[in-house]
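Visitor: Sequence:
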Amino acid sequence: MSENINILGYNVSSKSIESIVSEALTGSKLSIVNTINPHSYVEAKKDKIFRTALKCSDVIIPDGSGIVLAAKKLHGVNLRKVAGADLFFETMTSLNSISGKVFFLGSTDEVLEKIKNRAAIEFPNVAVEVLSPPYKPEFSDEDKQSFIDSINRSSSDVIFVGLTAPKQEKLIYDISAKIQGQMVSGIGAVFDFYAGSVNRPKQIWLDMHLEWFVRLLGEPKRLWKRTFVSAPIFLFDLYRTKLMGKNNA
1 MSENINILGY
11 NVSSKSIESI
21 VSEALTGSKL
31 SIVNTINPHS
41 YVEAKKDKIF
51 RTALKCSDVI
61 IPDGSGIVLA
71 AKKLHGVNLR
81 KVAGADLFFE
91 TMTSLNSISG
101 KVFFLGSTDE
111 VLEKIKNRAA
121 IEFPNVAVEV
131 LSPPYKPEFS
141 DEDKQSFIDS
151 INRSSSDVIF
161 VGLTAPKQEK
171 LIYDISAKIQ
181 GQMVSGIGAV
191 FDFYAGSVNR
201 PKQIWLDMHL
211 EWFVRLLGEP
221 KRLWKRTFVS
231 APIFLFDLYR
241 TKLMGKNNA
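Numbering (this note's numbering), first residue to last: 1 to 249.
Read the hints as simulated data drawn from the structure, not as lab findings.
Here the structure is a predicted model, which is why all the values come from computation and not from measurement.
There's no promise every hint is true.
[Claimed, not checked] In silico DSS-like cross-links for lysine-lysine, where the CA-CA straight-line distance does not exceed 30 angstroms:
hint, residue 1, residue 2
1, Lys48, Lys73
2, Lys101, Lys46
3, Lys101, Lys81
4, Lys48, Lys167
5, Lys29, Lys144
6, Lys46, Lys81
7, Lys45, Lys170
8, Lys101, Lys167
9, Lys48, Lys136
10, Lys15, Lys45
11, Lys73, Lys242
12, Lys15, Lys29
13, Lys46, Lys242
14, Lys101, Lys170
15, Lys72, Lys242
16, Lys136, Lys15
Can you build the whole structure from these sequences, using the hints too?
Guide: So this is what it looks like as structure tokens:
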């Protein structure tokens, strides 16, 4: 089986999360690792910059049951869903084993402090640097240069960006050519999950591919669009693609 599977125009990785992280941390250049789910797919349809940012990723991981379904329907392939949280924990575990460094860019000072405190207990060998960016719809060139300078001064192996999609993917796309490290990844809600600000659904819901349902109940105002707008559009495109035999975004 190929290492990537074309799903509606995106090359989604079929590798294990362990392989993805290991290759990124030992590679000769910065690896951009992003996630895709039905909502980000639909948002990218109407946002050319977001679409370009996703397609320029070195690795796209299947963070959504809809993506897993698409792999099965279009290619007969059984993909395993890999959430941003899975990527986060595998990366932190690997960094802990090599006394690595990680940089968190995003969220508030309060959330970042909680992340640092928890990481110090669970991953004591990982040096943690954090930066809370200014709260604004778009970052200026000066903002971006400040992020680049802070990241490079930290000499971090991994940079996690938590700004939610598509803002985080666009920022990574804009600054990746100028930052130093082994891996940069947009992991959005994982910042809040790890800090304890938002509870991630229990494993039983994850195993049943119903994480989306539990999160919808907890944050209906923020997540309703994903369920009632993005999901139907994604499914329409998926089955149209299967019927027509085309697989392009």
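Visitor: Hint by hint, which ones does the structure fall short of?
Guide: Hints 2 and 16 are the ones this structure does not satisfy, whereas the remaining hints hold.
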